[in-house]
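Student: Chain by chain, the residues run as shown.
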Amino acid sequence: MSSALLLTALGVVALGTVGAAARPTFRLGIRTQAVGVALVGVAGAWILVAQTTIGSPFASALDVRFGVDGLSAFFLATLGLVAAPVLLFATRYLEPTRRGRAIAGLLGAFLLTLAEVLCARDPLTFLAGWELMTLLPAAMILVSRSDGAARETVFVYVALTHLAGAGTWIAVLLAAHAGAFGGDAALARGSGLQIGIALAALVGMGTKAGVMPLHSWLPRAHPIAPAPLSALMSGVMIKVAIYGLVRVLVDWLGVLPLGIGVLVLAVGALSAVGGVVYAIFQHDLKRLLAFHSIENIGIILLGLGACLVLRARGADTWAALALAAALLHTLNHAVFKALLFLGAGAFERSVGSLDLDKLGGLLRRMPWTGGAFLVGAMAIAGLPPLNGFASEWLTLQALLHVPAYGGIGDGLAGAVALAALAATAGLAVLCFVKVVGLVLLGPPRRAEVAAATEVPVAMRAASLLLAGACVVLGVAPGLLVGRLAALAPWPAHVATTVGLHLPGTGSLPTPALAAVLAVLTGAFALARGRRAAAPAPTWVCGQLVERPLLWTSAGFTKPLRLVLESVLRPQRDIAVRRSGGLVQEVSYSGRVPQLLDERLYLPAVRLSLAAAAQARRLQTGRLGTYVAYLIALVVVLLAGVKAGVIG
Amino acid sequence: MSALALAAQLAGGFLLAPLLPGLVQHWKARLQGRRGPTPLQPYRELRRLWGKSAVDVEGAGVVYRLAPSLAAASTATAVLLVPVAAVAPRLGVGHDLLALLGLLALARFAVSAAAWETSNGFSLMGVSRDLMISVSVETTFVLSIAIAALVSHTTDLTAVVAGTAGTAVWSTPALALGAVAFALVAVAETGRQPIDNPDTHLELTMIHEGPLLEYAGRDLALLQWTAAARHWLVLVLAAQVFLPHTHSVWGQLAVLPFALVTLCGALALVETLTAKVRTLLAPRLLAVGALAALMGIVSWLVQST
Chain A
1 MSSALLLTAL GVVALGTVGA AARPTFRLGI RTQAVGVALV GVAGAWILVA QTTIGSPFAS
61 ALDVRFGVDG LSAFFLATLG LVAAPVLLFA TRYLEPTRRG RAIAGLLGAF LLTLAEVLCA
121 RDPLTFLAGW ELMTLLPAAM ILVSRSDGAA RETVFVYVAL THLAGAGTWI AVLLAAHAGA
181 FGGDAALARG SGLQIGIALA ALVGMGTKAG VMPLHSWLPR AHPIAPAPLS ALMSGVMIKV
241 AIYGLVRVLV DWLGVLPLGI GVLVLAVGAL SAVGGVVYAI FQHDLKRLLA FHSIENIGII
301 LLGLGACLVL RARGADTWAA LALAAALLHT LNHAVFKALL FLGAGAFERS VGSLDLDKLG
361 GLLRRMPWTG GAFLVGAMAI AGLPPLNGFA SEWLTLQALL HVPAYGGIGD GLAGAVALAA
421 LAATAGLAVL CFVKVVGLVL LGPPRRAEVA AATEVPVAMR AASLLLAGAC VVLGVAPGLL
481 VGRLAALAPW PAHVATTVGL HLPGTGSLPT PALAAVLAVL TGAFALARGR RAAAPAPTWV
541 CGQLVERPLL WTSAGFTKPL RLVLESVLRP QRDIAVRRSG GLVQEVSYSG RVPQLLDERL
601 YLPAVRLSLA AAAQARRLQT GRLGTYVAYL IALVVVLLAG VKAGVIG
Chain B
1 MSALALAAQL AGGFLLAPLL PGLVQHWKAR LQGRRGPTPL QPYRELRRLW GKSAVDVEGA
61 GVVYRLAPSL AAASTATAVL LVPVAAVAPR LGVGHDLLAL LGLLALARFA VSAAAWETSN
121 GFSLMGVSRD LMISVSVETT FVLSIAIAAL VSHTTDLTAV VAGTAGTAVW STPALALGAV
181 AFALVAVAET GRQPIDNPDT HLELTMIHEG PLLEYAGRDL ALLQWTAAAR HWLVLVLAAQ
241 VFLPHTHSVW GQLAVLPFAL VTLCGALALV ETLTAKVRTL LAPRLLAVGA LAALMGIVSW
301 LVQST
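Chains as they are written, first to last, in my numbering: chain A, 1 to 647; chain B, 1 to 305.
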């Protein structure tokens, strides 16, 4: 039954994809895709709730197999929940031009590919889908923009994901060779093969997920994609990489040695803190959101790392809860990040540029989109009673149990990870106060912004649907946690409640908290009454607030920049033009360089280019040289044979 | 007993909270050789402000108007969440320590967003510093919570109060180091020297006071109550978790007033003896607390394995 639903749903997506490619059925086609992908989500949720599996199980043999189990079903449900509103948004965002139709068609193909990776049950199908998942967004970016900068970015994206993506191939093929694709007890705990597969997967799939220090492609590729694609890349594609990591590290490899778990914790902490710190210093909304994806992937990895460490320590129930925390945050991040990217797309549609210093006051001009964006911003900042808080709370609890069950080394790692997550939460609040303030509040900073109007109903509805999901997932996260903990391949039972009630530790009655917060806010607002004197201008020591005096993104983040100066090495330039002893003009430019890019990637690129230049000397292009090479080779081989080294 | 604890919690959190900053101000003045205001001064101010009308900033919208209510509501929820003794009636909102962090962050978010709505440069200056410092505060806070949770095997506050009671838990340095960390958190959350100067009238040096500049009347009254309630939350936590307390619930309830008064005295003394640190060095001060807490966790790990 559920398999029929899933197949029908995928068929509907395919049908919509064909429809969207033709001009007369363009919008109908995208709507059909949205319905289809929503049905995919329903099928996924059904399989997850019914705790069944459909299709064939995993097999290491190289023939095509498809199937869905609980973990795949959860990610399919996430795909449906996020992609349906995104496509609804795309019905109005994309125009039925040649470009728009090509993007709409590719979007459908992209969704089918993501579903294919999630349903693949043999190494070949998995890897084929994995590569296609990388290439289709590149194609869409190239279709939507044809400037040189975009081409360069796509090159970096494809190059980096393929170079490091070799890890995925190594992991999958090694696992298949050992007969462990799909999990097998054949891998001894702590064996070289097990550790090798884990590390290769961490590099390959970590790159695709945007884990630091392999993240460099992500903040380049996400901002230049069209809004629906950015939402899908940040919301779903990097989550499919998390799916791969969970499959390999949790599902297939059995109990991993402690060190792998600690490594995942370390990488997660680096990504979380690094991602949000660099996000804070971005002045372009979409780029800022892209860095936040790195942060949230880091938070997910903190949960995953806690799961691996606790599993190695034999604390199975808490390992399952840590896995549930990671998966819950995966879903939550998919929802609010898609919401924020769609909001950014809507703002871009209304006012043009997304330079943070040139927006302002959009909550009043675009109340629906702005309101939904505000909900998303509060959710990603981890504020109660929204969904980001629920999953961060669960992750904090999981990390708290790492020292409780661990030895000195892993216990300390857990404590440091805990501190990193707390710092991340604080930094995220700073960042989204900045975003909300600069985008939604205060006076408009440009004429276009002052004249902004609300986007069409379909685009508004998409944002509101996702904002609603943020609230629902924040108020009733417990309904999911039991199911998610049950996805762990070891027996662990967690009771299902509406709020979060954990065995033997604190509980988070989310519905009650949300209700009390709402009632008290209302009560205080009522008590405050509406009585107010005539509005007065802002008091700034007798000076009026004028546009040049408004606070900027750089100004607001300056205290943090100064505190982190020794780590971040910010650069700034102040040029003062004087004439006749009077200052005529002061220009300021400052930037926070990407240290990993400049200290790690640039030297590597330079080194390989230099090596290539050396190698090119061998390539003279003259036939005689190549004949000489051949003769030399033959002579060397013969000498080798003579000396007994060969044959 | 549970009813008595509830009465103490609600009366203390909602009614007695303004007395705490009042006491600190009063004693600070005495320590500095001034007569100073009476400890009841915050109540007088609240009464005066409640009788006045609020003033809206030109062009400000719903975020500006709702922020004081939301900040007060999330702090009030936190008051419902933090029990005064190891026994507390179920109010439905739980007693989770980590939830407390979220509620404090929500209040901070509301006030900070409102500062953007007014576009007041002084408010934004205060907010940007407050948020920068609160990153270190939250980190230190979580680590000190971690110590309390490790010692008592839970994050449920009633159980934490019970788990940290008695003298046995003080046989390792963990809780003491946690107390050092939490002392810095308490100073920062209550907005007192050496992190912030609550008496400053110079906008350029304001941190917590900055975002309040644009508010008047009942809005300001709500925000001032919020600041007072934060004193209550932090000092109750300090007294019932990080200071030695008895196993007996009656004992805990009886000693609490004295502990709170002593802690107010300590805040006044620290504020008299120390100068405000440079804002940019505040994170370093808090990092000392975080490292102390990490040492505490290590000492607990060494002892328990």
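The set of hints was computed from the structure by calculation and includes no laboratory data.
Accuracy of the hints is not assured; some may be wrong.
[What the hints assert, rightly or not] With beta-carbon atoms standing in for the labels, derived distance ranges:
| id | chain 1 | residue 1 | chain 2 | residue 2 | range |
| --- | --- | --- | --- | --- | --- |
| 1 | B | Val288 | A | Ser146 | 51 to 59 Å |
| 2 | B | Ser171 | A | Gly192 | 26 to 34 Å |
| 3 | B | Val277 | A | Leu595 | 25 to 33 Å |
| 4 | A | Asp573 | B | Ser171 | 56 to 64 Å |
| 5 | A | Leu595 | B | Phe14 | 44 to 52 Å |
| 6 | A | Pro535 | B | Arg278 | 50 to 58 Å |
| 7 | A | Pro535 | B | Leu204 | 58 to 66 Å |
| 8 | B | Gly166 | A | Pro535 | 51 to 59 Å |
| 9 | A | Pro491 | B | Gly166 | 31 to 39 Å |
| 10 | A | Leu595 | B | Leu204 | 28 to 36 Å |
| 11 | A | Asp597 | B | Ser171 | 44 to 52 Å |
| 12 | B | Ser171 | A | Gly409 | 52 to 60 Å |
| 13 | B | Thr38 | A | Ala523 | 42 to 50 Å |
[Claimed, not checked] Here are some, though not all, of the chain A residues that point toward chain B, as calculated from beta-carbon distances under 8 Å:
| id | residue |
| --- | --- |
| 14 | Leu163 |
| 15 | Ala164 |
| 16 | Ala166 |
| 17 | Trp169 |
| 18 | Tyr405 |
| 19 | Ala419 |
| 20 | Val429 |
| 21 | Thr505 |
[To be verified] Covered stretches of chain B (chain A as the covering partner; in silico rule of three or more C-beta atoms under 8 Å from a C-beta of chain A):
| id | stretch |
| --- | --- |
| 22 | 4 to 10 |
| 23 | 16 to 25 |
| 24 | 103 to 114 |
| 25 | 132 to 139 |
| 26 | 165 to 179 |
| 27 | 234 to 247 |
None of the values given here were measured: they were computed from a predicted structure.
By construction, the Cβ of each residue, glycine as well, lies at the ideal position given by its N, Cα and C atoms.
Student: Determine for every hint whether it applies to the structure shown.
Tutor: Each hint, compared with the structure:
no.: 1; hint: B:Val288 with A:Ser146: 51 to 59 Å; in the structure: holds, 54 Å
no.: 2; hint: B:Ser171 with A:Gly192: 26 to 34 Å; in the structure: violated, 44 Å
no.: 3; hint: B:Val277 with A:Leu595: 25 to 33 Å; in the structure: holds, 28 Å
no.: 4; hint: A:Asp573 with B:Ser171: 56 to 64 Å; in the structure: holds, 58 Å
no.: 5; hint: A:Leu595 with B:Phe14: 44 to 52 Å; in the structure: holds, 49 Å
no.: 6; hint: A:Pro535 with B:Arg278: 50 to 58 Å; in the structure: violated, 37 Å
no.: 7; hint: A:Pro535 with B:Leu204: 58 to 66 Å; in the structure: violated, 26 Å
no.: 8; hint: B:Gly166 with A:Pro535: 51 to 59 Å; in the structure: holds, 57 Å
no.: 9; hint: A:Pro491 with B:Gly166: 31 to 39 Å; in the structure: holds, 37 Å
no.: 10; hint: A:Leu595 with B:Leu204: 28 to 36 Å; in the structure: holds, 32 Å
no.: 11; hint: A:Asp597 with B:Ser171: 44 to 52 Å; in the structure: holds, 50 Å
no.: 12; hint: B:Ser171 with A:Gly409: 52 to 60 Å; in the structure: violated, 24 Å
no.: 13; hint: B:Thr38 with A:Ala523: 42 to 50 Å; in the structure: violated, 30 Å
no.: 14; hint: Leu163; in the structure: violated, 35 Å
no.: 15; hint: Ala164; in the structure: violated, 31 Å
no.: 16; hint: Ala166; in the structure: violated, 37 Å
no.: 17; hint: Trp169; in the structure: violated, 39 Å
no.: 18; hint: Tyr405; in the structure: violated, 10 Å
no.: 19; hint: Ala419; in the structure: holds, 5 Å
no.: 20; hint: Val429; in the structure: holds, 6 Å
no.: 21; hint: Thr505; in the structure: holds, 5 Å
no.: 22; hint: 4 to 10; in the structure: violated (count 0)
no.: 23; hint: 16 to 25; in the structure: violated (count 0)
no.: 24; hint: 103 to 114; in the structure: holds (count 7)
no.: 25; hint: 132 to 139; in the structure: holds (count 7)
no.: 26; hint: 165 to 179; in the structure: violated (count 0)
no.: 27; hint: 234 to 247; in the structure: violated (count 0)
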